[in-house]
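Asks: Listed below, chain by chain, are the residues.
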Amino acid sequence: MSMRMPKQTGEWVNRTKAIKFTFEGEEYSAFEGDTISSALWAAGQQVLGRSFKYHRPRGVLSFANHDVNVMLTDGQDTNMRGDVVEVQDGMQLQVVNTDGGVKKDRNSYIDSISPILPVGFYYKAFHTPRRLFPFWENIIRKAAGLGITNFNYPRILKRKRNDYCDVLVIGAGPSGLTAALVAAQAGLEVIVVDENRRAGGSLTYDRAGTEEARTQLEELLVKVANDGNISLRTGAYAAGYYADHLIPIVEAGGITKIRARSVIVASGAFEQPPVFRYNDLPGVMLGSAAQRMIYRYGVKPFNNGLVFTANDYGYRVALDLLDAGVKLVAVVDLRAEGKGAPLAAELAHRGVKIYAGYCVYEALATPKKFGVRGAVICSYDEKENVALTDNAITIECDGIAMCAGWAPAAALLYQAGTGMRYESAVQQFVPEKLPVGMFAAGKVNGIFDFEQRMFDGARAGADAIKYLGLEAPQVSVTQHSGVSPSHAYPVVPHPKGKNFVDFDEDIQVKDFVNAAQEGFDNIELMKRFTTVGMGPSQGKHSNMNAIRILARIRGLPVEKIGTTTSRPFFHPTPIGHLGGRGFHPHRFTALHGWHEDAGAVFVDVGAWTRAAYYSKPGLSKQDAVQEEAMAVRRNAGIIDSSSFGKIEVHGADAALFLERFFAGGFVSQQVGESRYALMIDDTGVLVDDGIASRLAPDLFYLSVGTSNAAAIYREMQRSQQQWQLDIALVNVTGAYGTINVAGPAAREIVSGLTSLDLSESAFPLGSIREAEVAGVPARVLRVGFVSEQTYEIHIPAASSQHVWNALLTAGKPHQLRPYGTEAQRLLRLEMGNHMPGVDTDGLTNPYEVGAEWAIKMDKPFFTGQRSLVIVAKRPLKKRLVAFMLGEGFKGEMPQECNLVIDSGEIGGRVTSISYSKSIGRVIGLAYVNPLKKSPGSEFQIRTDNGSLVSAVVTKTPFFKTQKGG
Amino acid sequence: MKLLTCPVNGTRPLSEFIFGGEWRDAPDQNTCTDAQWAAYVHNRHGAPGDKKEWWYHSPSGTWFIAERNTLTDKVARTYLCGKQSVVQEESK
Chain C
1 MSMRMPKQTG EWVNRTKAIK FTFEGEEYSA FEGDTISSAL WAAGQQVLGR
51 SFKYHRPRGV LSFANHDVNV MLTDGQDTNM RGDVVEVQDG MQLQVVNTDG
101 GVKKDRNSYI DSISPILPVG FYYKAFHTPR RLFPFWENII RKAAGLGITN
151 FNYPRILKRK RNDYCDVLVI GAGPSGLTAA LVAAQAGLEV IVVDENRRAG
201 GSLTYDRAGT EEARTQLEEL LVKVANDGNI SLRTGAYAAG YYADHLIPIV
251 EAGGITKIRA RSVIVASGAF EQPPVFRYND LPGVMLGSAA QRMIYRYGVK
301 PFNNGLVFTA NDYGYRVALD LLDAGVKLVA VVDLRAEGKG APLAAELAHR
351 GVKIYAGYCV YEALATPKKF GVRGAVICSY DEKENVALTD NAITIECDGI
401 AMCAGWAPAA ALLYQAGTGM RYESAVQQFV PEKLPVGMFA AGKVNGIFDF
451 EQRMFDGARA GADAIKYLGL EAPQVSVTQH SGVSPSHAYP VVPHPKGKNF
501 VDFDEDIQVK DFVNAAQEGF DNIELMKRFT TVGMGPSQGK HSNMNAIRIL
551 ARIRGLPVEK IGTTTSRPFF HPTPIGHLGG RGFHPHRFTA LHGWHEDAGA
601 VFVDVGAWTR AAYYSKPGLS KQDAVQEEAM AVRRNAGIID SSSFGKIEVH
651 GADAALFLER FFAGGFVSQQ VGESRYALMI DDTGVLVDDG IASRLAPDLF
701 YLSVGTSNAA AIYREMQRSQ QQWQLDIALV NVTGAYGTIN VAGPAAREIV
751 SGLTSLDLSE SAFPLGSIRE AEVAGVPARV LRVGFVSEQT YEIHIPAASS
801 QHVWNALLTA GKPHQLRPYG TEAQRLLRLE MGNHMPGVDT DGLTNPYEVG
851 AEWAIKMDKP FFTGQRSLVI VAKRPLKKRL VAFMLGEGFK GEMPQECNLV
901 IDSGEIGGRV TSISYSKSIG RVIGLAYVNP LKKSPGSEFQ IRTDNGSLVS
951 AVVTKTPFFK TQKGG
Chain D
1 MKLLTCPVNG TRPLSEFIFG GEWRDAPDQN TCTDAQWAAY VHNRHGAPGD
51 KKEWWYHSPS GTWFIAERNT LTDKVARTYL CGKQSVVQEE SK
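The listed protein sequences correspond, in order, to chains C and D.
In terms of the working numbering, the first sequence has 637 at position 637, counting the first letter as 1, and numbering is strictly consecutive.
In terms of the working numbering, the second sequence has 25 at position 25, counting the first letter as 1, and numbering is strictly consecutive.
Hint data in this document are derived by calculation from the structure and do not stem from the laboratory.
The beta-carbon is built from N, C-alpha and C at its ideal position, and this holds for glycine as well.
Any given hint could be a false lead.
Said to hold, decoys possible - Cβ pair distances, simulated, as ranges:
(1) C/Glu905 to D/Arg44: 31 to 39 angstroms
(2) D/Lys2 to C/Arg421: 22 to 30 angstroms
(3) D/Lys2 to C/Thr22: 43 to 51 angstroms
Claimed, not checked - Computed cross-link-like contacts, BS3-like style, restricted to lysine-lysine with a CA-CA straight-line distance of at most 27 angstroms:
(4) D/Lys51 to C/Lys433
(5) C/Lys124 to C/Lys104
(6) D/Lys83 to D/Lys2
(7) C/Lys955 to C/Lys878
(8) C/Lys496 to C/Lys383
(9) C/Lys300 to C/Lys383
(10) C/Lys621 to C/Lys223
(11) D/Lys74 to C/Lys158
(12) C/Lys433 to C/Lys560
(13) C/Lys621 to C/Lys369
(14) D/Lys2 to C/Lys433
(15) C/Lys103 to C/Lys158
(16) C/Lys369 to C/Lys103
(17) C/Lys433 to D/Lys74
(18) C/Lys856 to C/Lys877
(19) C/Lys621 to C/Lys257
(20) D/Lys74 to C/Lys257
(21) D/Lys83 to C/Lys466
(22) C/Lys933 to C/Lys873
(23) C/Lys327 to C/Lys368
(24) C/Lys339 to C/Lys383
(25) C/Lys142 to C/Lys368
(26) D/Lys2 to C/Lys160
(27) C/Lys369 to C/Lys300
(28) C/Lys466 to D/Lys74
(29) C/Lys257 to D/Lys2
(30) C/Lys7 to C/Lys17
What the hints assert, rightly or not - One-sided excerpt, in silico: chain D residues whose CB lies under 10 angstroms from chain C:
(31) Met1
(32) Gly10
(33) Leu14
(34) Ile18
(35) Pro27
(36) Cys32
(37) Asp34
(38) Trp37
(39) Tyr40
(40) His42
Please construct the entire structure, taking both the sequences and the accompanying hints into account.
Replies: Shown next as structure tokens:
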């Protein structure tokens, strides 16, 4: 039976375009612009989904994006909400959460056993015996959740955008649009967002049988369209509030992060259902849902309807239903004084019977609970909250529209930190103390009268104008007086229950009573025990009633109960919207392309991408690394170290600055000399190290490790700001490329490319020279990190490739080969060099690694000095030593972080360990008891499998090059 | 995302800034006791309230001081280290 009405003015469907789709295998037709629910309802299909827990048939509830019992899948999207998702031609839809289809759901038996499944039962029922828990868990997991994830989900990238405005208005109803117009007229840039497909809010459906609302909306929309300062965005919901007015706006295509100078929340209110037995049957719906159905989609909600109301709004709905051609069998008003409602006389005049001081005691179901066949109504004692069933009568009807009041759509106000108070004049939480720059208008602000809502919008617009420093006229708004738009307690008790408060989670009134008896009588605890408000609609239609019921149970006023915490996101947002591209910068050296061509396997070191090793066909990673290291020991290796941090310290106080910043002495340092620089923090912990080379009396060139370079430069800047010395710091990390040539043949390879005297006497270890290398001006350092015969060549980054190539060519006769960071780490271990951050941690003091020699305590000041004075007085607790495992070691290989065991006690841990092919042993560094630091001492390491491995403390370097060899 | 005002570069999103810890007066290291020094480097007052903090504007390399209430997350003012009196003078 078709429920489609004749064309309605202002409707959202395009009747000239018919489309076809299937629902559970059956074909249906619809118009373009229909939602899934409106199309099905128009075709007479009322059972649209099954409830989460009891698998009860459900139909339309709100038509406002919280009909979460009507979730469908097209095979790809798993959670399409029937009430708002537009149906597309060719869609093939299935209802989620059924076993065998929406009409023949095999899980519907759960409804009949619901008395033995009280709320919270599974928290208690399945703990013992423990061994059965996996069995129950499997069943519970299958029963929980909605829909089945399609793991062949295509990757759809959603764009992220940023936008800015003076005033962001959330909600395009009468108050929001008025606020926008007022703010825009003052010259402010305004963005208006609304969750709905079209603007207008209540003006798009709440007509009370007149044309007034529609014409007013048209006027407003014309003004908005003609105002160049307003950008109106529909189908776009404000999903959360973040600090300083940053608000993500979610649309089908992605998220726009809007930074607003001020925000006006005119988000309206959610209609709340009265609670009575079987208020969930298909055909029982909110009054505003019936109105939306009529005016947006041209669909008749039912033929013989009954309106159950606890406020004056129900009379407006009744008039709209009459206009839609619904035969109204009765208006049942919970309030005895309901007869005095402004529109009651008009309804009575049109022959509608009004039962004031009555309740719908229960709705009567058709077979299988697929619809409504009638309602049992009876007198109601509002004061005592008792249904007086003695005079109960049954009225036949096929649908019930229910109106009980409103809950403010205040999620963003709460998130922004608004102080809310309960206003009894409207029986609603309203903003009391708004955050700076934030304003509220309309129903969310407790203003319900249509004209006053426009005024309130204008007032909020004026407030925003004034907040932004412009002149604005004073607008006065009359606060609500008279009958409250929301009923204080629209809950009808029934001994047999099934009077639903939360339709998402099938929570009935008795569940709250049980929870309170169990002791969960705080709103946050009650929420978690009953799961009220925890379903996909997040309490939009249930939280307010839950608070009222809890207040009644505890005998407290509603304001003492408070509300649950509101968190972003306001509405479930697809993960695809949130996921995005990473914007973490990666830094490549100038030689990156060469490394790629040479088969490098890369590793991230800080922000830099470095070559870890060069893969070779037929060689494991392990073997490739050993080969690279062996090349350095036998002939020569070359490594791209361009990622090293490079900082220039210029100025008359340059040496003084280094003396204060690092632990060593630098004032006495000669030009051309390089010194080890040890960085200690305020607490005396070894933070990092580097090489400081003096290029001129007033210029030091500092090179530090890759990963910590940015942090060191930052700390140098901070120190300089405090000390205000005569220096300038320049971070030249990216300006210079760095190439190390290491190994016995290094000198010969480099010497062919430079006029520099590389002899040991002219250019010893620990010095720096400026000269041309391969025709490029270079700074060349003699460092001993991986080998005592290393030349570290710093050249302008753009010349890196040229110099690298020249070195490779010169190195060819010497079997020069590139090596990566893996071999570098092994080589430095062979040298016995520790690495800060690898062999030290956030508590290591310099004495524990034997770095006393790098500390000059007799300076007036350096960072960490005072703490080291204290630390030095104390006995050492541990000491870093180099060790070797036995010759031909074959057991379980110890790993970094394995514990050092000393006579059954934990003595320390291994910090570096590796097999070294050139030494033929497993070598490493470990913390041990300081008494065991001398070479020859033995200790044990506990491996991952628990076995103990003996190790011997060894002198470093493990590897000693023969001079000149 | 929160906004923070760098005294040199103006108001920028928080992602451009790095927190540098609480700013505190160091005792004179030549005259203080070991216990006083240890208290300075190790102890922090965890109670929320008005704090002076180091912040670093990363793209420009600017360190500055922010006076922030750690309970309300409201920043009262920001200035370069040592320029507090100038800021107070100007705001008068």
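Asks: Please flag the earlier hints that this structure goes against, numbers listed from lowest up.
Replies: 5, 9, 10, 11, 13, 15, 19, 21 and 32
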